[in-house]
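Please model the complete structure; the sequences and the hints are all you need to start from.
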Amino acid sequence: MNLINYKLTFCLLIFLSISKIGLGQDEISKVLDTWNKGSIPYAYFNNIPEADSIVFLDTREKEEFDVSHLKNAVWVGYKNFDKEKVRQTVPEKSQPIIVYCSIGVRSENIGEKLKKLGYTKILNLHGGIFDWKNKGGAVFNDKEIVTDSVHAFNKHWGKLLHEGIKVY
1 MNLINYKLTF CLLIFLSISK IGLGQDEISK VLDTWNKGSI PYAYFNNIPE
51 ADSIVFLDTR EKEEFDVSHL KNAVWVGYKN FDKEKVRQTV PEKSQPIIVY
101 CSIGVRSENI GEKLKKLGYT KILNLHGGIF DWKNKGGAVF NDKEIVTDSV
151 HAFNKHWGKL LHEGIKVY
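In the numbering used here, the protein residues as written are 1 to 168.
Keep in mind the hints are simulated off the structure, nothing from the lab. Even for Gly, the Cβ is constructed at its ideal location relative to N, Cα and C. Not one of these hints is a red herring.
Lysine-lysine pairs mimicking PhoX-like chemistry, simulated, CA-CA at most 20 angstroms apart:
#1 83 x 116
#2 135 x 71
#3 62 x 166
#4 79 x 115
#5 62 x 113
#6 113 x 93
#7 115 x 83
#8 113 x 83
Simulated restraints on C-beta separations:
#9 37 x 157: 14 to 24 angstroms
#10 159 x 46: 22 to 32 angstroms
#11 120 x 149: 28 to 38 angstroms
#12 88 x 165: 29 to 39 angstroms
#13 88 x 142: 18 to 28 angstroms
Here it is in structure tokens:
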């Protein structure tokens with residue numbers, strides 16, 4: 001292979017690699033654009049403030065939460081959303097809350113319920129726990145030990161999880 005062909009091949013490989021890196025986020029963004037209304041503003045992995053006052057609410061099912069969740073997150077459920085647990089955990093309606101689920105669809109629905117309950121500072125974690133893990137964020141199991149496992153919800157949505165060990 002001559003030098004020009006080598007350079008062209010190298011440039012093409014670099015371009016394809018860069019394109020592939022951004023693909024996961026584009027997939028999640030497309031899903032969120034399709035399924036979400038934008039009623040709850042997003043919090044992004046790289047822009048979450050380091051504040052002790054932020055409460056993370058996990059809006060997935062209990063079996064998902066037990067496999068992995070964000071540090072100090074409080075499980076409130078989805079199908080059987082526990083608003084009393086929210087009231088006990090977050091008594092102050094102006095306390096900052098970040099809701100999350102696998103990618104951010106179910107958490108938007110719970111965020112809307114929180115708004116109806118009078119909470120005023122609610123953000124939805126863009127890309128949920130999948131994007132959190134994909135970007136190198138730590139997740140914890142039911143014993144509060146760092147784990148590489150993430151409940152991937154199902155095989156269809158699990159395609160959006162590129163890091164960690166998928167558990168179904």
